[in-house]
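Student: Whenever a hint applies, use it, and build me the whole structure from the sequences.
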Amino acid sequence: MAMREAGKLTMRSRRLQVRGKDKHSLRWQDRTRILFSPFSLSLRRYTTLSAADTTATADIFEGLTKNKKAYTAIYKRDARPPVVILGSGWAGFQLARDLNKAKFDVTVISDRNHFLFTPLLPSTTVGTLEFRTIQEPVRTIPGIKFYQARATRLNFEERQVACEEYYLKERFEVNYEYLILAVGSTTNTFNVPGVCPDNHVYFLKQLSDARAIRSRIIECFERASYPDLPSAAQARLLSFLVVGGGAHICGVCE
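My numbering puts the last residue of the sequence shown at 971; the count rises by one with no breaks.
Check each hint, because a few of them may be wrong.
Unchecked claim - Okay, derived cross-link-like pairs now, SDA-like style, lysine to any residue, Cα gap no bigger than 25 Å in a straight line:
no.: 1; residue 1: LYS818; residue 2: GLN852
no.: 2; residue 1: LYS886; residue 2: GLY806
no.: 3; residue 1: LYS820; residue 2: GLU875
no.: 4; residue 1: LYS922; residue 2: TYR864
no.: 5; residue 1: LYS922; residue 2: PHE863
no.: 6; residue 1: LYS820; residue 2: LEU885
no.: 7; residue 1: LYS862; residue 2: GLU882
no.: 8; residue 1: LYS886; residue 2: GLN923
no.: 9; residue 1: LYS818; residue 2: ILE858
no.: 10; residue 1: LYS818; residue 2: LYS886
no.: 11; residue 1: LYS922; residue 2: GLU853
no.: 12; residue 1: LYS862; residue 2: TYR919
no.: 13; residue 1: LYS818; residue 2: TYR893
no.: 14; residue 1: LYS818; residue 2: ARG797
no.: 15; residue 1: LYS922; residue 2: ARG797
no.: 16; residue 1: LYS862; residue 2: ASN892
As the list claims (entries may be wrong) - If you anchor each label on the Cβ, the simulated ranges turn out as follows:
no.: 17; residue 1: ILE966; residue 2: LYS820; range: 37 to 45 Å
no.: 18; residue 1: GLU875; residue 2: GLY963; range: 35 to 43 Å
no.: 19; residue 1: ARG953; residue 2: ASN908; range: 20 to 28 Å
no.: 20; residue 1: ILE935; residue 2: THR869; range: 35 to 43 Å
Source of the hints: derived by calculation from the structure; they are not laboratory data. This structure is a prediction, so every number in the text was calculated from the model and none was measured. Backbone N, C-alpha and C fix where the C-beta goes; we use that ideal spot for every residue, glycine too.
Tutor: Right, dumping it as structure tokens:
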């Protein structure tokens with residue numbers, strides 16, 4: 718069987734011609750292409766090729782060696798322990814970037830597909846900076862998998878994370894060997910009466926919050942510039958109430 722395959726290979730390899738003086742510059746006389754699998758064919762089967770086909774033989778050996786290395790790299794990569802990181806904030810983004818991808822199969826799951834540099838959120842709110850300047854896409858990290866989804870349930874016994882797609886709301890599961898919870902925190906209102914999203918209150922935590930505040934400020938200025946607008950209505954449109962005294966709020970007030 719090996720001799721028969723080697724004979725077929727010899728007949729096809731004779732269709733190769735050498736162009737000019739370059740011994741490694743080969744072309745096909747027809748459009749026939751031979752695809753080799755490094756696992757189904759052994760290098761020993763090509764030892765019966767004639768001496769006249771040394772150029773084609775060397776080219777075949779070189780291709781087989783490259784393919785074998787590529788397949789071996791894939792199998793080694795699949796053998797890495799899977800690490801699932803929930804969240805794309807400061808901790809999750811930094812960990813996904815610093816983990817050794819040669820040792821771990823890293824997967825990031827977050828409903829936000831970018832890292833947000835939160836100290837500059839006030840600058841985007843008032844228009845000093847553009848929104849794109851303070852975000853870094855998660856997919857720019859090489860060697861990781863990213864799913865824009867929400868983690869809905871954790872199964873510690875089976876080591877699985879149940880997820881829901883961000884757009885289509887379809888469900889899927891992701892297996893892990895190591896699980897990193899870096900989902901961040903929520904806004905603390907300190908029980909201030911009337912401070913809630915349903916009462917015309919804007920929080921400043923996400924990029925969408927900065928966009929909403931900026932749009933609202935522009936709207937108020939435009940409405941206040943209408944002719945024949947009563948002074949009381951104009952004063953109401955140009956009145957802004959700030960709750961809290963953190964770094965973000967102080968930056969907005971400046």
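Student: Hints the structure violates: just list their numbers, smallest first.
Tutor: Checked against the structure, the hints that fail are numbers 6, 10, 12 and 15, while the rest are satisfied.
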